Amino acid sequence: MSEVKKRAEAAREKPAKFGPDVKLEEYTLEAPEYKPKPLDEIDEVDRDRLLNAGVDVTGAERSGSFIQVDRSVIHAAPTQEGIEVQSTRSALEMYPWLEEYLWKVVQVDADKYTASAELNFQDGYFIRALPGVKSVFPVQACLYLKAASISQNVHNIVIAEEGSELHIITGCATDSPELSGLHIGVSEFYVKKNAKITFSMIHNWAENIEVRPRSGMRIGEGGVFLNNYVCLHPVKSLQLFPSAYLEGKDAVARFNSVLFAPPGSHMDVGSRAILSAPGNRCEMIARAITTGGEIISRGLLVGEVAGVKAHLECRGMILKGGGRIYAVPELDGKVEGVDMSHEAAVGKIARAEVEYLMARGLSEEEAVATIVRGFMHVDIEGLPPVLKDQIDSAVGLSEKSLM
Amino acid sequence: MLEVENLSVMIGDKMLLKDVSLHIEEGETRMLFGENGSGKTSLLMAIMGLGDYKVTSGRIMFKDEDITNLPTNERAQRGIGIMFQRPPTITGLKVREMLEIIEKNGEDIEELARSLNFDEFLNRDLNAGFSGGEIKRAELLQLMAQDPDLVLLDEPESGVDLVNIDLIGNAIRKLLQKDVHKNRHKSGLIITHSGYILDYVEADKGCVLVNETIWCTGNPHEILQGIRDRGYEGCLSCQK
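These protein sequence lines map, in sequence, to chains A and B.
Going by the working numbering, the first sequence opens with residue 227, and the numbers climb by one from there.
Going by the working numbering, the second sequence opens with residue 16, and the numbers climb by one from there.
The following block holds chain A by itself, in its conformation from the complex (with noise of 0.2 Å):
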């Protein structure tokens, strides 16, 4: 047995540091195997969903497509020269090399959910960026749940070779809203010397599905990654908390998260940053909505060396009674010379504001939907249009619950 599978198999029962822990004995690996086949005849996912976790079906201006339903990498292919997308299994067996980045931003051990990721592997998506290759449109990546009570492991691994630009829009989404269902997705990127990497990740989950997505970022020097992350639908339990490590000198970092949490959701959301050369800069700007749900909003900025810059900001809004928003920001300055703040706020929407639009002629809950909208509003780069509709419409459907 394998090193990595020993560890795997120790941390088997190994409950996370954060989130309430997912009973995986709940869940079934069994799923129906689906064939791969070209983009334009993929019938086994409902386009409405994916479309809105920002994935084009038809691969219009997208540099290229991966889709994974259950355990089933049903395509997987670039439309761009120089870039790679694959399935990891075929990229490991590919590329003898790959195992050198298999489990070295994220830990095997870290917890029963990479242990399982390890153990029990389907698969999940390798892209890459050649050197000096700019992606002219955005890669975009499917993870999508379809059968009763699935568990599904992916292990994804992202690479930006030097000098390279790599654009990726993850959806995520379930089959069906009542869908039943644990996803659990390790990612490993890695920006090398003045690469940059801007990954969205969209989730459209269910009500009962559990989420423990496990990423982990290595950094180069002037290298550049930017993760937004847009939550606006139910699920039932999410946590995720990244580690982005700036190892390289002027290496940037920067995560935007757009959380909106009805009743029943329940949101454990963070990113951590180790900065730990000299120009390293991370900035975390989180956005919380709840109307009902609860969301736990973290964030951990760590200065090893002086001359770093960081700055984390959370801000939160209850709408209705009964949500929670809990804000942990947290700074680790190590020597004398770094520069880290944070700012978090958590509130209401100000009568005068809502006044200030009404004497505009704006009714009262158009004024509200505008104010919540421009709260979520957090300029994401490449945002598919469908998306910010996405936003607006999450923002109309609970509009009555706002104030």
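It should be emphasised that the hints constitute simulated quantities derived from the structure, not laboratory data.
Predicted, not measured: the structure shown is a model, and the values here were computed from it.
Since no wrong hints were added, every one of them can be taken at face value.
Okay, derived cross-link-like pairs now, EDC-like style, lysine to aspartate or glutamate, Cα gap no bigger than 20 Å in a straight line:
#1 B/K109 <-> A/D615
#2 B/K69 <-> A/E590
#3 A/K574 <-> B/D140
Keeping the supplied structure of chain A fixed, place chain B upon it in accordance with the hints.
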């Protein structure tokens, strides 16, 4: 256009306006003078239906309709617009988006913004970090997009430097159709402390609020001169 009849207004248990009556004709511009705390802003807020102002007696008629109990947005939709002195910041709402929401005459937003030298602010969050003069321009820009029939302006010249006062004065003149000399439809009620705005916007009448009520109405220049000469105490003795 506007008929305020014997209006009394309270906030909590504090009387802010007492038996105020005011009549503004269609096409008329009225200056409103009064010392700090006399109730000028409260009158504008009450006409617009803002805040926790409670009308305890009297009524507000606009275009022959009783609007005393109408919500603020319906007053705006009927043609009343207000310039806020200290507007709130609306995070994430760009100036451009706001103008697109309220614009109703198909006006070119870029063009409008350029006329107030404000085009560089179109992609900024509304009122976020704006200086005094920028707030005035943002407020006027919104009013120009809204194109109300009755404009309520609360100290439009305060906090504005000499370079921008010209710009703002011209915008107010445009809002109030000052270049139309026959059948002018736009009316205005303008609060001023310094009277400086009178150098840019001609007013038909002026009135003074003293002790929570309208004390006198007359020629705005004469009233302003009287206040400059004798202060508001002079207003009280004037009618004795």
